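Chemist: So the sequence lines, in the order shown, correspond to chains A and B.
To convert, note that position 122 of the first sequence is 122 in the working numbering; the numbers rise steadily by one, no gaps.
To convert, note that position 94 of the second sequence is 252 in the working numbering; the numbers rise steadily by one, no gaps.
By construction, these hints were calculated from the structure, which means they are not laboratory data.
Small disclaimer: the values here were computed from a predicted structure and weren't measured.
A portion of the hints provided could be inaccurate.
[What the hints assert, rightly or not] Away from chain B, derived, C-beta distances all over 10 Å, residues of chain A:
hint, residue
1, 41
2, 53
3, 66
4, 69
5, 75
6, 85
7, 89
8, 107
9, 125
10, 157
[Said to hold, decoys possible] Below, in silico cross-link-like pairs of lysine-lysine (DSBU-like), each with a Cα-Cα straight-line distance of 35 Å or less:
hint, chain 1, residue 1, chain 2, residue 2
11, B, 329, B, 513
12, A, 67, B, 396
13, A, 82, A, 40
14, B, 329, A, 109
15, A, 101, B, 454
16, B, 513, A, 67
17, B, 202, B, 454
18, A, 61, B, 396
19, B, 329, B, 202
20, A, 101, B, 270
21, B, 456, A, 109
22, A, 40, A, 108
23, B, 270, B, 299
24, A, 153, A, 93
25, A, 40, B, 396
26, A, 109, A, 82
For each residue, glycine too, the CB sits at the ideal point set by N, CA and C.
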Amino acid sequence: MMILKLNSFLKYTCILFVFLFGFFSIGGAESEEIKSEEIKLIIIVSSDVKIKEIDIATLNKIYRGRKTLWKNSNKISAYYVKSGTVTGDAFFKLLGVTYSKFNRYWRKKLFSSAGTPPSSRSNGQSVIDVVSKNESSIGVIPASLKDKIKSCKIIKIK
Amino acid sequence: MNVKFLLIAILFMMQCSLFSKDLHPHVKLNGYSSFEFEYEISDKGDGDKNGSFDADSIDLVFNIYPVNRLRFAIDISYEHGTATEDNRGNVAMEYAFGEYTYNEYLKIRFGKMFSHFGIYNEIHTAKTSFLTFKEPKSTNKISKVGGGDFLFYPRWQVGLAVTGEFDLADKEFDYILQLSNGDQGDEGGQDTNPFESDNNTQKAFGGRFRYNILEDLRLGLSFYHDIVEEYDDDLDPKHENPTGQHTSVFSYGFQAEYQIRNLTFEFEYTGGFVDPSSGSSIDRYGVTLLGAYTFKDKYTPYVRLEYFDPNQDVSNDEATIFICGLNIEVLRWFNVKVEINRTWSEDGNLELNGKNTTQFNSSFVIGF
């Protein structure tokens, strides 16, 4: 009868690595670069939010659920244009993450009861609408929609 | 009738969520479901030799934010085609807790929660959150590989927790500490509902610390300690009168999660002891190692090796599991998993009894 102990553990560890390296060399590394047109994005917040600028690190924390409250203790509601669109892909590029990585991160965080992901919308106008309507919200939209903004405000990216 | 009404209401809400994304700015509905097929290929195994379909579960996850700083999180699970009239399947509240956010560094939770230990326990019901068909047995569900009544830690706890996340030296750090009723000394047959009352004065204490030492490499440490009542199985089979003696349970774990480009590695070690008032302490440990590679953002072949030693003083009770599988992301939040699971065990393993088995497992998994 086959008794598997530590030596077998090492054996299968080796198989695992051989499998992965073999696969890696045959398949080649997939590029994670997002292929999207270069478009300029702007950040908008609802009119009650008292900030004038934001840095990318803070934006990242908000969209990863690591910063959930504004300084006045109001809960942040974050919105973005869904991936697969030019704006959405540019948004993930701005955050420095691919959508699949972002999705994996939130699948674990959401279902481990640690919080809820930001909400996506189908286009920039929908993000403007929802940010205008809801207090303490923030959104990322294409700069081309600047003229459509009425009930919310633009903040600078540091 | 009430169940039908509930289902109609839930379906209505799910339909709404497709259009509005959120039920309300302060109420979010998410969920997950898995539909499975299991087939025991080998003659000796205790798995499903008929090859059965299993409506494994559908979970509804609600996050309610009634006011700023306060979140109420609920996960309601319907398992195996729940039909209460026929006493089939079951409904369970996986967790339901309130969370008060003082700031990002300090959040206070109260209610029923998952035990936050290692990589898998807090997501073990959400098959959409991990690659493989099931969570590892060697570090999580050790009762399936000869680990006996006491898991390394109970999968759920009722009590208080403090948690938080912040940057430490510009790297992400998070922690959680839990104080709870803990185990009741007789898993699966408790006379006391551990989510309602404790059967002893000792409280369980556990926690986990995780640190992203590199952007793509997260390391974690977990621990759990409890002291539970002992009962005399012969004189008191219903466990009505504790003997006054206690068993000490202590577990600790180390975990590493590494993701670089399309490669994923996970390593988890969990060890510890169960120390009864009489007899010798049982030292046990389990190890899990997973490797995966994702290509075309869709196909992820993976392999996982598990090893579990239920008692280090016994030389012939170990179990080893090797899993080879493929996870295909057909659509966003919709995955198909196919895997072969080979288990070897030694004669002294009280659950597997030296059987070497091979299973084919497959599932459709949805998240929303």
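Chemist: It remains to establish, for every hint, whether it holds in the given structure.
Modeler: Hint by hint, here is what the structure shows:
no.	hint	verdict
1	41	holds, 21 Å
2	53	holds, 20 Å
3	66	violated, 6 Å
4	69	violated, 6 Å
5	75	violated, 5 Å
6	85	holds, 14 Å
7	89	holds, 13 Å
8	107	violated, 5 Å
9	125	holds, 15 Å
10	157	holds, 20 Å
11	329/B <-> 513/B	violated, 46 Å
12	67/A <-> 396/B	violated, 49 Å
13	82/A <-> 40/A	holds, 16 Å
14	329/B <-> 109/A	holds, 18 Å
15	101/A <-> 454/B	holds, 13 Å
16	513/B <-> 67/A	violated, 50 Å
17	202/B <-> 454/B	violated, 39 Å
18	61/A <-> 396/B	violated, 52 Å
19	329/B <-> 202/B	violated, 49 Å
20	101/A <-> 270/B	holds, 30 Å
21	456/B <-> 109/A	holds, 21 Å
22	40/A <-> 108/A	holds, 31 Å
23	270/B <-> 299/B	holds, 19 Å
24	153/A <-> 93/A	holds, 23 Å
25	40/A <-> 396/B	violated, 69 Å
26	109/A <-> 82/A	holds, 19 Å
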